[in-house]
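A.B. asks: Sequence:
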Amino acid sequence: MQLKEKIHEYAKEYCGFDIVGFSNVQPSSHETTVRNWVKEGYHAGMSWYERSLDKRVNPEKVFDTAKTIIMVGVNYYPFDYPEDILNDPSRGIIARYAVYDDYHEILLPKLVQLKDFIEKEVGRSLEYKAYVDTGPILEREIAARAGLGLQGRNTTLINFEYGSWVLLAELIIDVELDDESVIASEPGERGNLVLHPSKKEEIASSQSLLAMTDKKSGCFSCTRCIDICPTKAIIKPGVIDSNKCISYLTIEHKGIIPLEFRKLMKNRIYGCDICQEVCPWNKSRQKISQNKDFKARQDLFAPKLLDLFPMTQEQFSARFKKSPIKRAKREGFLRNVLVAMGNWADPSLVKTLEIGLQDKSPVIRAHAVWALQQVDSQESKKMLTRHRPSEMDDEVLNEFL
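In numbering that gives the first Met the number 0, the protein residues as written are 0 to 400.
No lab work stands behind these hints: they were computed from the structure. Where is the CB? At the ideal position from N, CA and C, for every residue including glycine. Hints should not be assumed to be uniformly reliable.
[Claimed, not checked] Only pairs whose alpha carbons sit at most 30 Å apart, straight line, appear in this in silico DSS-like list of lysine-lysine:
1. K328 <-> K128
2. K320 <-> K303
3. K262 <-> K38
4. K291 <-> K321
5. K265 <-> K350
6. K380 <-> K350
7. K38 <-> K54
8. K291 <-> K5
9. K380 <-> K262
10. K11 <-> K294
11. K294 <-> K320
12. K119 <-> K11
13. K320 <-> K253
14. K231 <-> K265
15. K265 <-> K282
16. K321 <-> K286
17. K265 <-> K286
18. K350 <-> K262
19. K253 <-> K231
20. K286 <-> K231
21. K286 <-> K303
22. K325 <-> K303
23. K54 <-> K66
24. K303 <-> K381
25. K66 <-> K5
26. K11 <-> K114
27. K265 <-> K380
28. K303 <-> K350
29. K350 <-> K253
30. K291 <-> K119
31. K262 <-> K231
32. K253 <-> K328
33. K128 <-> K114
34. K235 <-> K282
35. K294 <-> K321
[To be verified] Computed spacing ranges between beta-carbons, pair by pair:
36. K119 <-> I227: 41 to 51 Å
37. P88 <-> E394: 20 to 30 Å
38. P108 <-> K66: 21 to 31 Å
39. P108 <-> P388: 46 to 56 Å
40. Q289 <-> D226: 31 to 41 Å
Let the hints inform the model, and build the full structure from the sequences given.
C.D. replies: The following block contains the structure:
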């Protein structure tokens, strides 16, 4: 058994990865597109993306001796949200990846475990980088090149077995593995697919599908993800304007949510799966994850908004200690909850929203003002009238009509 096959087997059997693929460190074939994406400002407030741009489009620059990228992934699909739950304005919808403990902390030790195995096989220490959605590389493009799927029009990686419900990670090593793969001869042919010998049978049933798919996206003529996006963030196939994306707005964006997006967010309080929920590839492939390290938290299955607000810093830290939701911090998460409460606009919320008017965070106070305005009852109007004279922050004052 050659080293690549040993790595493939070990990564699946002992590290628990569901998909494994290999790529060299060749430059991106989408460099111009990526640079234009940044030039247009579609990366929004993610300044770190621009700072690492040269490495992203050329992984050889990650470190001098980099030779091979081992792409791995796990199926994370936890459950189906019934339509009545998805559309219940009193509940908050959390992106499915975030109903588990933080996947960064789950997958990184497994990458190190895989690295240790390779070191034993080659008889020396490796120079390496292990990344879980944190590295300066275009992991979805590389995963497609490594034979793990196709990139959809919503930019997600669509795996042949699990759809787009996969979390990716990568191990970059200074070992040049023997070329055991069959690589498509022309960019775009079969999605620029790289087939590892041990993967051929696994995806053979997909070959007839691949032959018919859109060579750029693998999506046939389907535009469901583009059509359904509430904020029209997918401005054209394969290009997302992060400034409009609900996932960006509820996780990475700091400060006030732009007014034009608040009603469109409905009850999505952390991340957004809408474009994945309608994807035909997912409809036929999604399956509940059996990974023992991924245990869905039932308290994060469409939690009631009134169970999330108010919440002190101590309560937030305790509840989300191991959760990826901690990335939004208390201010960002409660801001999102207040937007959802405003979209619910139930008169019974007025007393609860009043607590938000007293919060130390101007961002939370601003969204509490907006939510009370959406309730639009005599009680909420009186409350805003009473509060306005004591408010000194300009951003909060801008929320008053």
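A.B. asks: Confirm or reject each hint.
C.D. replies: Hints, verified against the model:
no., hint, in the structure
1, K328 <-> K128, "holds (28 Å)"
2, K320 <-> K303, "holds (20 Å)"
3, K262 <-> K38, "holds (29 Å)"
4, K291 <-> K321, "holds (16 Å)"
5, K265 <-> K350, "holds (21 Å)"
6, K380 <-> K350, "holds (12 Å)"
7, K38 <-> K54, "holds (16 Å)"
8, K291 <-> K5, "holds (23 Å)"
9, K380 <-> K262, "holds (20 Å)"
10, K11 <-> K294, "holds (19 Å)"
11, K294 <-> K320, "holds (15 Å)"
12, K119 <-> K11, "holds (17 Å)"
13, K320 <-> K253, "holds (20 Å)"
14, K231 <-> K265, "holds (15 Å)"
15, K265 <-> K282, "holds (23 Å)"
16, K321 <-> K286, "holds (24 Å)"
17, K265 <-> K286, "holds (27 Å)"
18, K350 <-> K262, "holds (21 Å)"
19, K253 <-> K231, "holds (20 Å)"
20, K286 <-> K231, "holds (28 Å)"
21, K286 <-> K303, "holds (26 Å)"
22, K325 <-> K303, "holds (18 Å)"
23, K54 <-> K66, "holds (14 Å)"
24, K303 <-> K381, "holds (26 Å)"
25, K66 <-> K5, "holds (18 Å)"
26, K11 <-> K114, "holds (14 Å)"
27, K265 <-> K380, "holds (22 Å)"
28, K303 <-> K350, "holds (16 Å)"
29, K350 <-> K253, "holds (26 Å)"
30, K291 <-> K119, "holds (26 Å)"
31, K262 <-> K231, "holds (13 Å)"
32, K253 <-> K328, "holds (10 Å)"
33, K128 <-> K114, "holds (9 Å)"
34, K235 <-> K282, "holds (22 Å)"
35, K294 <-> K321, "holds (12 Å)"
36, K119 <-> I227: 41 to 51 Å, "holds (48 Å)"
37, P88 <-> E394: 20 to 30 Å, "holds (26 Å)"
38, P108 <-> K66: 21 to 31 Å, "holds (23 Å)"
39, P108 <-> P388: 46 to 56 Å, "holds (54 Å)"
40, Q289 <-> D226: 31 to 41 Å, "holds (33 Å)"
Consistency note: the structure conflicts with none of the earlier hints.
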